[in-house]
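This is what each chain is made of:
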Amino acid sequence: MFSYDLRLALDSMKRHPGLSALMVLAIALGIAVCTVTFTIYHAMATNPIPDKSSQLYAVTLDTWSAERPYDDEKPDLPPQLLTYRDAMYLYGARAASRSVVMYKSGALLLPERNGVKPFNAQLRVTTHEFFPMFDVPFQYGQGWDAAADEGPQPVVVLNHETNVKVFGGENSVGRTLKLGKVEYRVVGVLQPWAPSPKFFDLNNGSFDDPEDAYIPYGWGKALEMPVYGNTNCWKPEVGDSYQDFLNSECIWLQLWAELPTVADRDKYQAFIDNYARSQKAAGRMPRPLNNRLYDVGQWLDRNDVVQKDNRVLIGIALLFLGVCLVNVVGLLLAKFLNAAPLTGLRRALGASRRDIIRQHMTEVLLIGLAGGVLGILLAVGGLAGIRAIYGSDFTRGSYERLTEIDPFVVLVTLALSLLAGTIAGLYPSWRIGRTAPAVYLKTQ
Amino acid sequence: MDIKPILSSLRRSPTGAILVALQIALALAIVVNSLFIIVQRMEKISRDPGIDVANIFFVGFQASSDRFQGEVTMREDLGLLRSLPGVQAATVVNAVPLSGGGSATSVYTEPNEKGRRGDMNYFQVDEQGLETFGARLVEGRNFDATIVTMPPKNSSTSPSGILITRDVARDLFPGGSALGKTVYTGTNEPVTILGVIDHMHGSWPGWDKVGNVALFPVITDETYARYMVRARPGQRDAMMKLAEEALGKVDNGRVILRVRSLEYVAASTYAEDRAMALYLTVVIALLLGISALGIFGLAAFNVSTRTKQIGTRRAVGARRTDILQYFLAENWLITTVGVVLGCVLALVLGYWLSTTFELPRLKLYYLVFGVAGLWLVSLAAAFRPARRASMVSPAIATRTV
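Protein chains in written order, with my numbering: chain A, 807 to 1250; chain B, 255 to 655.
One or more hints might be untrue.
[Stated by the list, open to error] Just the calculated beta-carbon pair ranges, DEER-fashion:
hint : chain 1 : residue 1 : chain 2 : residue 2 : range
1    : B       : 517       : A       : 1068      : 25 to 31 Å
2    : B       : 400       : A       : 974       : 47 to 53 Å
3    : B       : 630       : A       : 1011      : 51 to 57 Å
4    : B       : 539       : A       : 1073      : 56 to 62 Å
5    : B       : 539       : A       : 999       : 36 to 42 Å
6    : A       : 1101      : B       : 400       : 54 to 60 Å
7    : A       : 1117      : B       : 442       : 30 to 36 Å
8    : A       : 1229      : B       : 630       : 49 to 55 Å
9    : A       : 999       : B       : 429       : 20 to 26 Å
10   : A       : 808       : B       : 562       : 34 to 40 Å
11   : A       : 1073      : B       : 435       : 40 to 46 Å
Don't read these hints as lab results, they were simulated from the structure.
Think of the CB as a built atom: it goes at the ideal place given N, C-alpha and C, for glycine as much as any other residue.
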């Protein structure tokens, strides 16, 4: 029976090849535009650490000025960064099962190997639990312990690319390299690791690659290492020394806490609120009590990681698909209604209404599948084009990662097309089925 | 011409016409709003930055040993850069314009953060900064080497005199001249305005105050810093190579990290806007194409299935032009309904975009372009099928089936 339906459908398509091609093209374009747009969107909105995203919290306190909110556009939100004093207190209290305080810095990396040019290495100055907290995979060795943070000990963890660049990719644990003026011993090398978005630090480019190397937090203060991220101040400060900077109301540090259960979360919230109250009593933090914990998903939202442009494009792509589907439905309807006399003949010869519906559906399915296949091909081509234009020219890692097609999107758009085609196929089937076969025979 | 027969025919089988009108309406809504976004992006990209983008490049460097002696070493390097034949001017600078990264501060017309406030994106440069940017002074004078200072690290000491753009001057002293006036920093240090720059863009092209820029006579003391060099017209690429070579030969305790043109930086900054404009252009082109093909396909199909009726009309006296007119009028009618509906949809979409994404509200005259465009496309798409209909021979009517 199916092969008969298939033959009828192919016959019908062959009778109007131009029209059939047009329908296939319309579905293909709709699917291609949606797939390309959603692929870009998905790459930006994916969860970078799915297993732990609801246990990791960015900690924020509203330490800003009484006169104005931190961000005029979002006046009810506290700033994303912390002062040194607050970060050190909250970290030191060990109120979470794990926590990390950190910032981005950099130093000149002088390799011990000959022939490797010195370069400005991006560094993450961080406490030791960064690695277990964020599930960072090691290729060789491991991270450091609390004593190394305090010391601070001259140890460093390299990311995969830096290890390739500086040590040719071999197991470099135990080797040394100079960062700025200090010689560090390599204790660990990471596997290739680039969470996207770079959720743990969204300050400078949400899709940037992680830093080249990691050093214990204590070095930040010991060497007065520069802040490569943002430093924001609202209060005129006294004194120019580094210690004055550490005592200031300037915000520049990131603090994350691992809180496995909701109860842990609530307890931690109470803890930071109590701390803020004590600071208010001491004359600091003039704004209303407003301290927030963001899990990874909320953090991406709060930082507008998915750009407005991409949401606009999603809307436009869906409307575009709408135009294509309306187009296809119109063409299908015209075609099926035009073939009504022929269908009426089939009815008169004994085909049931179900047979007619199946015949129409087979054709819809055929057109939909052809459109889907062509659409995917067009989408692959389109994404390759985007990569060619934007991936190679600029060092935006993001575009490199933006070009894997999401099968979910293809399925959804294809399903939408088939649904529209089904409606377009059912209506004539229903109309023809309703009419007495004799009517069609008469007009012949 | 009488449109009654068209209406009655449409009334009998309205589904196809409704779908065509709906398609045109959706297409119009998308085209108008996309066009609006494209024009905005192109305007943003093509603004005059007020600086010599084509000829400026940057040399990033970093201190690598104790032989690096801050200002002395930097002056040495600058002397070398300025002596190159194709170099017009050079300075140390704390940030790269149009790059998305930079520093900003505010000054006030009265102490204690009182009076009018001027927000400014500042660049720390030496006496050749103004010339290196290629910006033009309209009032006052450039600062000379004597007031260029190199404050110690982490210092919040402000320069005694600065240059500001007209945009900042307007915020601070609307209606009057800012030249020679004293303004105050957040820490109440007085600063004199030495000169007013006609116009230049700062670090953040997306900021609504991108033209609020100031030049500070300060040599930045960062371990990672950069020289900004302006080459003579047409010599930039040669000078980039030459500068890297010449500086590389001198070993004075710093390493040269990266040489990059401002053009590259600007292109990278505007890449997203360009991508958006390009993407929407492609969408519009595809949309108009698929709509035209759809209208054409449907019209051609209708003509081919109505051949017999057309023949009959011809046989009872209709002229070719009558047939042509009939089909074009039918198409015009459907298109017009679609376009009217499309205008409403376009406004709704525009309103949604402007409220949800804080985009500017759609300008109404864009509707005119959209309507005219779709009318033309629709008419052009229907013309060939209509002409073919008019070519149907009256003899067809006499042939049965």
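For this structure, which hints from the list above don't hold up?
Numbers 1, 3, 7, 8, 9, 11 - these are the hints that the structure violates, sorted from lowest upward.
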